[in-house]
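So the sequence lines, in the order shown, correspond to chains A and B.
Position 204 of the first sequence, counted from 1, bears residue number 204 in this note's numbering, the numbering being contiguous throughout.
So the mapping is simple: this note's numbering equals the position in the second sequence, first residue as 1, plus 372.
I should point out that these hints are in silico values taken from the structure, not numbers from a laboratory.
Any given hint might turn out to be false.
Said to hold, decoys possible - Derived contacts from chain A toward chain B, CB cut-off under 10 angstroms, selection only:
hint: 1; residue: W3
hint: 2; residue: A7
hint: 3; residue: R280
hint: 4; residue: G283
hint: 5; residue: T285
hint: 6; residue: R286
hint: 7; residue: G291
hint: 8; residue: L292
hint: 9; residue: P365
Claimed, not checked - Just the calculated beta-carbon pair ranges, DEER-fashion:
hint: 10; chain 1: A; residue 1: A347; chain 2: B; residue 2: G404; range: 51 to 61 angstroms
hint: 11; chain 1: A; residue 1: A347; chain 2: B; residue 2: A549; range: 48 to 58 angstroms
hint: 12; chain 1: A; residue 1: R367; chain 2: B; residue 2: L506; range: 30 to 40 angstroms
Quick caveat, the model's predicted, so the values are computed rather than measured.
We treat Cβ as the ideally placed atom computed from N, Cα and C, and that holds for glycine.
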Amino acid sequence: MIWIIYANAKKRKSRLVMTVGGIAIGVATLFALLALSSGIEGALEREIGGLGAHILLLPEGCPYTLTLALMQGADTVEYVPEDVVPRVRETENVRVGVPVVVGKVKANGTLVPVYGTTEDIFQLKAWGRSPFSGALVGSNVATNLKLEVGDRLTLDLYSEEPVEVTRILPTTGGRDDTFVFVPLATAQKVLGLEGKLSGILVQTVNVSRLSQTRTTLGKMAEVQAVPPSEVFDALIGLFGSVKQTLILITGIAIAVGVLTTMNTMTMAVYERKRDIGLLRALGSTRRDIFGLFVSESLLVSLAGGVLGLAGGYVASYLLPRTSGFGIDASPHFSLAYVGICLLVAVAVGTLSAIYPAMMAARMQPIRTLREL
Amino acid sequence: MNITLDRVWKSYGVGAGQFWAVEDARLSVSTGDFVSIVGPSGSGKSTLLHLLGCLDTPTKGDILIDGESTARKSDRELSLVRRDRIGFVFQQFFLNGSMTSWQNVLLPMEIAKVRDRRAKASQALEWVGLGTKLKSYPSELSGGEQQRVAIARALANSPDLLLADEPTGSLDSETGARVLGILSALNTEREIGVVVVTHDGDVARRAKETIEVRDGRIS
Numbered sequence: 001m002i003w004i005i006y007a008n009a010k011k012r013k014s015r016l017v018m019t020v021g022g023i024a025i026g027v028a029t030l031f032a033l034l035a036l037s038s039g040i041e042g043a044l045e046r047e048i049g050g051l052g053a054h055i056l057l058l059p060e061g062c063p064y065t066l067t068l069a070l071m072q073g074a075d076t077v078e079y080v081p082e083d084v085v086p087r088v089r090e091t092e093n094v095r096v097g098v099p100v101v102v103g104k105v106k107a108n109g110t111l112v113p114v115y116g117t118t119e120d121i122f123q124l125k126a127w128g129r130s131p132f133s134g135a136l137v138g139s140n141v142a143t144n145l146k147l148e149v150g151d152r153l154t155l156d157l158y159s160e161e162p163v164e165v166t167r168i169l170p171t172t173g174g175r176d177d178t179f180v181f182v183p184l185a186t187a188q189k190v191l192g193l194e195g196k197l198s199g200i201l202v203q204t205v206n207v208s209r210l211s212q213t214r215t216t217l218g219k220m221a222e223v224q225a226v227p228p229s230e231v232f233d234a235l236i237g238l239f240g241s242v243k244q245t246l247i248l249i250t251g252i253a254i255a256v257g258v259l260t261t262m263n264t265m266t267m268a269v270y271e272r273k274r275d276i277g278l279l280r281a282l283g284s285t286r287r288d289i290f291g292l293f294v295s296e297s298l299l300v301s302l303a304g305g306v307l308g309l310a311g312g313y314v315a316s317y318l319l320p321r322t323s324g325f326g327i328d329a330s331p332h333f334s335l336a337y338v339g340i341c342l343l344v345a346v347a348v349g350t351l352s353a354i355y356p357a358m359m360a361a362r363m364q365p366i367r368t369l370r371e372l
Numbered sequence: 373m374n375i376t377l378d379r380v381w382k383s384y385g386v387g388a389g390q391f392w393a394v395e396d397a398r399l400s401v402s403t404g405d406f407v408s409i410v411g412p413s414g415s416g417k418s419t420l421l422h423l424l425g426c427l428d429t430p431t432k433g434d435i436l437i438d439g440e441s442t443a444r445k446s447d448r449e450l451s452l453v454r455r456d457r458i459g460f461v462f463q464q465f466f467l468n469g470s471m472t473s474w475q476n477v478l479l480p481m482e483i484a485k486v487r488d489r490r491a492k493a494s495q496a497l498e499w500v501g502l503g504t505k506l507k508s509y510p511s512e513l514s515g516g517e518q519q520r521v522a523i524a525r526a527l528a529n530s531p532d533l534l535l536a537d538e539p540t541g542s543l544d545s546e547t548g549a550r551v552l553g554i555l556s557a558l559n560t561e562r563e564i565g566v567v568v569v570t571h572d573g574d575v576a577r578r579a580k581e582t583i584e585v586r587d588g589r590i591s
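Just chain A, with the same shape it has in the complex:
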């Protein structure tokens, strides 16, 4: 059967290329969209989960912006006063409260995010314990700045602070790889934020009482208590609505693809009246003719689907990888997405072929031959 389709396609190369191209664009868009969305959702989950806290104590303001700033090491306008920390630690059900200040500084002349904290941070991270002095450098920073343990690092913004690299942190695949972790006082001095914190990471003893603990902490002056899961849900919800719009647009593009392919197939039926009439005269049944046209359309659509998958794969690496939340999200590919896209291609092929194939099957052989 394939050779028949190939032989017929040879006669109409440019039309075939346009049809396959149309389907490929739709499938490529869908595939890239699915892979990028999944990558962004995964990155959000990884980044927010990577904070390691049950509750974030943040300055007053938009909790989502402030959480993202904390994750990215970006400067903010509002800060948490440092004297809140002892009260947080004394609060019932708080196992650990880790003060954090973040900001961008020049490290050996290159702008990097710096993360000032205490050695309590080891309780939230899976790095393994080590003395917390000098600078603990994320693996990406170490690679970019060609740093090794024992090297000197000059942090420079509002003041200059030379520190020794005491540890290169293990690669986590997350935001931690991009930070330089230094003692809280060092970071505060360089950033000009003495007595101020970007936030406090709180871990509770009993997670089932998280809600009460959050309420208690939230009552403190100049701070708000936000569970990272809430931030995650809000950001995913925000992203989800964008994603739905994009999927809708892609759906429209695919629907247009169906109509275009249907038009092409209908034209092909008219152009191939002679072939159809002859095949019917030679004994092909209506079902045979219907099958021929549906198979042709399916094969063309599958070719478009496969080409679209390849195009989508390339496109997802060429398109900007950021989610708009400042998170570096690599596309995530899965067999399920390949399956969905090929199913869409098959659906396009089937839907677009039904009407023209029925039209071809209904042709009376004698009428067709008489018209020639």
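On the provided structure of chain A, position chain B as indicated by the hints.
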């Protein structure tokens, strides 16, 4: 195999535009016959051939295949009769230009999923003397060769009856004679019933029986 037209009438058009292409036709064709149908253009010869080949249905009367009425046969049943028992050859050859001669013969069998179709296609082409042209495209073949490919295609399913509509009409006399020779051989060597619509006197002379059609009536 026997096909009988039993008082068959065929009209086209409706109302004032209706005209009778075939009137009260009574004709019987069997395996082993060689019948030529002659008559002026527009006399209803081709319509008669199409009715014999179950390509068309009568307005009145009945077509019997081996004594069985076709009136209640489904489109699929009639298609299978055409596929398995009748071969068609047309004046314009109707070959697919993007397929080789072998593929053209294979095409109807491929769609119908006929067993051993590849070998059958080759054998049919060898029988019409085109065993060396299996991979040639129609544009690379002469008119006579193209008509022989069309005959091979009609023979592919070993029909009992071959219906040819002006098979030599587009060919020069020498090539036409060769095609006619093949049709005769089919009739004598393979005992296939051959019905030829023709204007060609040579064809009519080769036939065992000649039927003349005038104004839709067999005279």
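Here's how the hints hold up against the structure:
{"no.": "1", "hint": "W3", "in the structure": "holds (7 angstroms)"}
{"no.": "2", "hint": "A7", "in the structure": "holds (5 angstroms)"}
{"no.": "3", "hint": "R280", "in the structure": "holds (7 angstroms)"}
{"no.": "4", "hint": "G283", "in the structure": "holds (2 angstroms)"}
{"no.": "5", "hint": "T285", "in the structure": "holds (4 angstroms)"}
{"no.": "6", "hint": "R286", "in the structure": "holds (6 angstroms)"}
{"no.": "7", "hint": "G291", "in the structure": "holds (8 angstroms)"}
{"no.": "8", "hint": "L292", "in the structure": "holds (6 angstroms)"}
{"no.": "9", "hint": "P365", "in the structure": "holds (5 angstroms)"}
{"no.": "10", "hint": "A:A347 - B:G404: 51 to 61 angstroms", "in the structure": "holds (53 angstroms)"}
{"no.": "11", "hint": "A:A347 - B:A549: 48 to 58 angstroms", "in the structure": "holds (56 angstroms)"}
{"no.": "12", "hint": "A:R367 - B:L506: 30 to 40 angstroms", "in the structure": "holds (33 angstroms)"}
Of the numbered hints listed earlier, not one is contradicted by the structure.
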